[in-house]
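Start from the sequences and build out the full structure, keeping to the hints where you can.
Chains A and B, in that order, are what the protein sequence lines are. In terms of full-length UniProt numbering, the first sequence has 130 at position 130, counting the first letter as 1, and numbering is strictly consecutive. In terms of full-length UniProt numbering, the second sequence has 94 at position 94, counting the first letter as 1, and numbering is strictly consecutive.
Some hints could be false.
Lysine to any residue pairs mimicking SDA-like chemistry, simulated, CA-CA at most 20 angstroms apart [claimed, not checked]: (1) B:K132 - B:A67; (2) A:K270 - B:K132; (3) B:K108 - A:K270; (4) B:K108 - A:R3.
Between beta-carbon pairs, the in silico distance windows are [claimed, not checked]: (5) A:K270 - B:R13: 46 to 56 angstroms; (6) A:L189 - B:A71: 42 to 52 angstroms; (7) B:F14 - A:L122: 50 to 60 angstroms.
Partner residues are not named here, just some residues of chain A that face chain B (Cβ under 7 angstroms, in silico) [stated by the list, open to error]: (8) A6; (9) C10; (10) R17; (11) R84; (12) L89; (13) T92; (14) P94; (15) V95; (16) T272; (17) P273.
Simulated from the structure, these hints should not be mistaken for lab results. For each residue, glycine too, the CB sits at the ideal point set by N, CA and C.
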Amino acid sequence: MNRVLATALCEFRVAFRNRWVVIATAMMALFALVLAAAGAAPTGDIGVDRLSVVVASLTSLSVYLVPLLALLMSFDAVAGEVERGTLPLLLTYPVSRFQILLGKLLAHIAILGLATGLGYGLAALAAILADRGALAGLPSLWRLVWSSVLLGATFLGTGYALSALARRTSSAAGLAIGLWLVVVVLYDLALLALIVSDAGGPLTTRVLPVALLSNPADAFRIFNLSAAEAVAAAGGIGGAAAAIPLWQSAASILLWPAAALSLAWAAFRKVTP
Amino acid sequence: MTSTLQISRLTKRFDTVEALGDVSLALEQGKRVALLGHNGAGKSTMMKIVLGLIPFDSGSVSVCGAAPGSAEARAQVAYLPENASFHPALTGEEQIRYYLALRGQDPKLAMGLLEKVGLAHAARRRIGGYSKGMRQRVGLAQTLIGRPRLLVLDEPTSGLDPVSRRDFYDLLDGLAAAGTAILLSSHVLTEVEARTDRIVILSGGRLVAEGTLAALRGQAALPVVVLITPAAGEEAAIAQAFPEAVCTGDGRLRLSCEQARKLPLLSQIAALGAQVADLDVIPPSLEDIYSHFSRRDGQ
Ligand SMILES: Nc1ncnc2c1ncn2[C@@H]1O[C@H](COP(=O)(O)OP(=O)(O)O)[C@@H](O)[C@H]1O
Ligand SMILES: [Mg+2]
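So, in structure tokens, the structure goes:
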């Protein structure tokens, strides 16, 4: 355990010096504040507190931003060590490859936690200051924070796996951006196309829920929206998502990090220094 | 007594290249062995196999009684890679503290280790700003963590100036005296000559010679060179006495003779008495011995 913590400390330090901590935190805070300001304008009366509305828009933001940040922090993890030539020495130390990955994961999760916690916290503060009633939305904010960290862990693990498979930082970066585009952007467009062409047929009712649950970003969105019972308002894919029980999306966001880390471990074990 | 490192009939191929062929080697505790060989002779490959970093094709390797790369072996072996590199964003002290933690040691020992390798003054600066020699010292400092039983050093003195090299070998003497077995590779033959117990010469992946320097010298049976400085006016007389001698540019005469003929030749020269002003006997250099062995198997 000490070895994992020592690795995490070392990684955190490196990320801090490379300004990742500042970049991630500033980015989350900036976007969160912009959303909070936008949400503060004409809420009208839709029967929910102001914070829950902010959380709903933060969810849509996190679906894009958290995977992107996670991939940007992780693509260098193994390939960078290979390129710098630091891997052979590290692997002669009495520390297992799994412990090395776990240490990196811990550091990167801490950074993501810090960034999301701070960013969302600022947005929440703004909402609560404007309306005391917004305190009722705190549980959904908390849910958003920890599910964001899990979403981040999934993409961190996937980033390590890509990094180990690519062995070069330049190709690892390309793969990471490609993965982000496919999983976070193109996947949903394809599903939308499916819904439109199927027009409520069997594909929409049977295939769509499975497709949504098997994508960690979609599962994250559905989990947060359905937990906040705001699905109906989200429209589009959200409509179909209403049929998915909460435990299923919860299971998806819990299982994905473990699956991604296993994938990373399997890929890292194949790297010969 | 069992050896700290035991390699037998080790073979390793990279696609078409045979990096190591049928190499056997034993290293006992407290011994220092120098691995010599041209670039591409297989020195680094052998070290990486000993550390368990790369697999091998056949033969057997036992490190401190365990399989190379096993947790048990890694706990007792320290390594200095060729061109050691570290994370540029960390300071020397932070890097050593990390390595100490990985070996289950107190990170506070970092400063002491950096002092030992003469890097205390730069300990709080980032490694990104270090020179090659300074990085090499960080690499050396981390090999001193926790009394390893086996040290594997790949060209440890490259990038070090002569004074630092001497300090480095002093450090090794201390470790060897305390029982650490040391396997190192080097290109600088003269330093290896004085500071190691045994020399192993690799050529094209084959072990072509092994032994103490004296033993290798005898085995190679290279000629000894004798330089005679004639007394003033005696040049012609001496040239006549040794018709096989070659005149060097500075007025001396150069004779080359087999080891076995050395003493008779010397007494012959001594018999010339005052006709000889001075005499130098030059044994074959390590370079000569090294070229002799590494050429023999052809490359
Ligand atoms: N990863 C590798 N892939 C292919 N060939 C390699 C690899 N590593 C070493 N070799 C080859 O093995 C031989 C021995 O290399 P090496 O052990 O590095 O030599 P040395 O350290 O004595 O200079 C060389 O011919 C080298 O080209
Ligand atoms: Mg080498």
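Quick check: which numbered hints come out false for this structure?
1, 2, 3, 5
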